[in-house]
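Go ahead and model the full structure; you've got the sequences and the hints to work with.
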Amino acid sequence: MTDGAHDGIHAVGAYAPRLRVSAEEFADAWGSFEASGIEEKAVPEADEDALTMGWEAARRALEAGDADAADVDWVGFATTTPPMAEEDPTVRLGSFLGVDDDATRQTFTGSTRAGTRALFAALEAETDGLALVVAADCPRGEPSDEREHAAGAGAAAVLVGPDAPAPITDRAEHAEPYPGTRFRRAGSDDVEGIEVTSYDREAFRETLAAAVDAVDAPEDPDAAAVQAPDGGLPYRAAGSMGLDNETIHTCATVQDLGDTAAASVPLSLARALADGHETVLGAGYGSGGGADAFVVEADDDVPAELALDGNTDLSYAEYLRRRGDVTSGEPSGGAAYVSVPTWKRSIPQRHRLVAGRCPECGSLAFPPEGACPDCRELVEFEPVELPSTGEVEAVTAVSRGGEPPEFAVQQQKSGEYGVAIASFTADGESVSMPLQVVGAETSPAVGDAVTTVIRRIYEQEGVIRYGRKARTTE
Amino acid sequence: MRDAYLIGAGQSDYGSFPGESYRSLFATAFENACDSVPDGIETEDVDEAVVGTLGVGGRQLGLSGPAVTEHVGLHGIPVTRVENACAASGYSVRQGVQAIRSGMADVVLASGVEIMTDVSGDAVRYWLGVSGETEWERLSGTTFAGVYAQMASRHMQEYGTTREELSHVAVKNHENGAKNPHAQLGFECSLEDAMDAPTVADPLNLYHCCPTTDGAAAVLLASEDVVENYTDDPIRVAGVGAGSDRVGLFQRDTYTEVPASQYAADRAYEMAGYGPDDLDFAEVHDCFAIAELMAYSDLGLCEPEEAGEFVASGKTKRDGEMPVNTSGGLKSKGHPIGATGAGQVVEAFKQLSGDAGERQLDDPQVGLTHNVGGSGGAAVVHLFEKGLGGDAA
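Keeping their order, the protein sequence lines are chains A and B. In terms of my numbering, the first sequence is numbered consecutively and its last residue is 528. In terms of my numbering, the second sequence is numbered consecutively and its last residue is 506.
Keep in mind that the hints were calculated from the coordinates and are not lab data. The structure displayed is predicted, hence computed values, not measured ones. Wrong hints could be hidden among the right ones.
[To be verified] Derived CB-CB ranges, DEER-like:
(1) B/E305 / A/E196: 47 to 53 angstroms
(2) A/S198 / B/P131: 42 to 48 angstroms
(3) A/E515 / B/D152: 47 to 53 angstroms
(4) A/P385 / B/E305: 30 to 36 angstroms
(5) B/T367 / A/D182: 16 to 22 angstroms
(6) A/G516 / B/P191: 27 to 33 angstroms
(7) B/P151 / A/V394: 54 to 60 angstroms
(8) B/E418 / A/R399: 38 to 44 angstroms
(9) A/E423 / B/P131: 40 to 46 angstroms
(10) B/P131 / A/V394: 35 to 41 angstroms
(11) A/E414 / B/M217: 46 to 52 angstroms
(12) A/E515 / B/T275: 43 to 49 angstroms
(13) A/E423 / B/D476: 51 to 57 angstroms
(14) A/E117 / B/G388: 53 to 59 angstroms
Built from N, CA and C at the ideal position, the CB exists for glycine as well.
Shown next, in the form of structure tokens:
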């Protein structure tokens, strides 16, 4: 099947957590490292998940494409690790980004092929505006299992629409029932397989080859974004797809990030386009024996913003802490409870820093409720979306035992964290708010600039509360 | 308006008392207050009671006022529970003064009680969270230690205040608390101890933070019409001031001052006709070391940039020019939330009565108490002077 040349890629974004654990750390702990071709892998922070990583990639794609969330009228989110087993993650993702309430939202999950499924759906979407494909994943397995050794984390976002610099010129899919190659039982967090090596390899190779065979692929593409459950299997399938190893390796991310599941192909695609490759073959594979293939032929440079570098190496014990394998739960207690309905009322502030401007005196208020902090008039504030960058006015670093109980689990996993009061300025008026600080070895100092990011704040009653935190501006 | 006088004040020991209940602690404080009245007082003389409390072991009681007053035989009289976080019983004293000045009562028991140590440390932090700005400040990951640490970071940045100066607060207050038989942490500490303690919320360490505490305090107030029935050495409530502010620190215009304290102090000084120079001592709210430094400037004892040097120079020691927290303060004496404000008045009563034992100052005439709720959402200041004073003098 061939789409019109007007449906293609406008921009790409990508994100991976800063934390890394090396294959050597696993080898020291287990005596061997079971995931071939992986040197190190990305590890989500205690307050990161597929949704927060997806937001990181999505905002970068929008920024690279000089697009506004209001330009997006179709959002697809792909992951095998949705934060909740049942609850549409695209509602919150759209809210984080500021996508209009009436935009179409679709979730793709249940298979590592979800990322390419979302891309195909975006191409088929009947929309006037842009479609945003977000793929983010952080699989995990049993500690001794090769899939756990491979399991990484990362996210990619692709902005799709007409008149794009990089048209997707062809796409196809193929399915052949191969049960048992990769699956996750209901209620389980861990990916499994029956580990019949020849069967697994055959399923991967044959299914992908059939999908690739069905597209009008360039004979010698510049790069090939191939599904990478580890760092070896894509190369074992290269010949069947008519590719050489270098074509796959040139945009592969698995060796640095690990198995990023549904984000695997989108991440490699983003890297290929960011590096200026003109012809890219995409090949996604997923549980049960399904495969997608597509061809990108870039006429022009594709705007890209990728943040895939790591800067903090973890020991294996620290890695287990981050996963929550060696930590206890939240302490029992009560009081100071913020109900879900109360939280819901503040979502514009939590997700997008919506402050209020006093119509009487022009001052800003955050949160925008109650009397004006300046003129004290009881007014109805005009909503003002604050910039994402602010300046630290006061700061502390909260050590173990100094945290509120809601943050005890995070403290156990990640250790000491910073909390700043930062001021944000809009049209000459400033307003302040307290924000937890992420991603820094030490807390920022008074006067430092910080940028806000979406993270998990805490979880209570099974409901994950997402909101803004701050990261030191680089 | 009629003048109000302190005729008695007493407290329980402060600390951790697994064998005591909130009622038994309250009874001890009440009995000690009654025993301190020079010419004695009968239970039936009390016209009204005010009880400051946040809760009992993390639980809230709907009728915590009557629950403690009936335990000491005061059933029948009007009782009000006052809750303004850590300023609860400072406000109960203020309400007692109001009742007397309005003419609705001649003798009022103003008091406070708290049980904080019969739950886990985690549960205490859950419970104390109710006293802060919960939706934004607490959910940014801070407790009170974190919020005061943010104030400290700003104080250090603006005024060059140092960790060593913060530690001097602990050294001084422990030195005083070691002479207070009711103190929870009645031991002295060295500057090295106070400097090297584990960090709680940078830059605040363990010695920059007060403990959690069980305890009760009770103050007996009488009108000018009846004061002579109880004492020949009355202590006049010369000034009362209270103020409030935005609950969240991030919502205020300053992070190095507590405006609610300034409002309260201004009103108290104005009512008394006194200024900071007229004080012989002060009991200030030192839940964290930075709180005491900010209190110095909020109460007009020094400029904000001088606060660190003010304590490091020894000026606020017992033999200094402006003794502060002769009781040991919240740091050494303890901080039983609802009892703290009334407990400060107990120290003022003892100093002005010449009954402060080893920590007695040399014939003080005027003293101030300063009690803050949360990180400054509420504050109350009282000025006390020996003698009949004012119009009644």
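Here's how the hints hold up against the structure:
{"no.": "1", "hint": "B/E305 / A/E196: 47 to 53 angstroms", "verdict": "holds (50 angstroms)"}
{"no.": "2", "hint": "A/S198 / B/P131: 42 to 48 angstroms", "verdict": "holds (47 angstroms)"}
{"no.": "3", "hint": "A/E515 / B/D152: 47 to 53 angstroms", "verdict": "violated (59 angstroms)"}
{"no.": "4", "hint": "A/P385 / B/E305: 30 to 36 angstroms", "verdict": "holds (33 angstroms)"}
{"no.": "5", "hint": "B/T367 / A/D182: 16 to 22 angstroms", "verdict": "violated (51 angstroms)"}
{"no.": "6", "hint": "A/G516 / B/P191: 27 to 33 angstroms", "verdict": "violated (46 angstroms)"}
{"no.": "7", "hint": "B/P151 / A/V394: 54 to 60 angstroms", "verdict": "holds (58 angstroms)"}
{"no.": "8", "hint": "B/E418 / A/R399: 38 to 44 angstroms", "verdict": "holds (41 angstroms)"}
{"no.": "9", "hint": "A/E423 / B/P131: 40 to 46 angstroms", "verdict": "holds (43 angstroms)"}
{"no.": "10", "hint": "B/P131 / A/V394: 35 to 41 angstroms", "verdict": "holds (37 angstroms)"}
{"no.": "11", "hint": "A/E414 / B/M217: 46 to 52 angstroms", "verdict": "violated (41 angstroms)"}
{"no.": "12", "hint": "A/E515 / B/T275: 43 to 49 angstroms", "verdict": "holds (44 angstroms)"}
{"no.": "13", "hint": "A/E423 / B/D476: 51 to 57 angstroms", "verdict": "holds (53 angstroms)"}
{"no.": "14", "hint": "A/E117 / B/G388: 53 to 59 angstroms", "verdict": "holds (58 angstroms)"}
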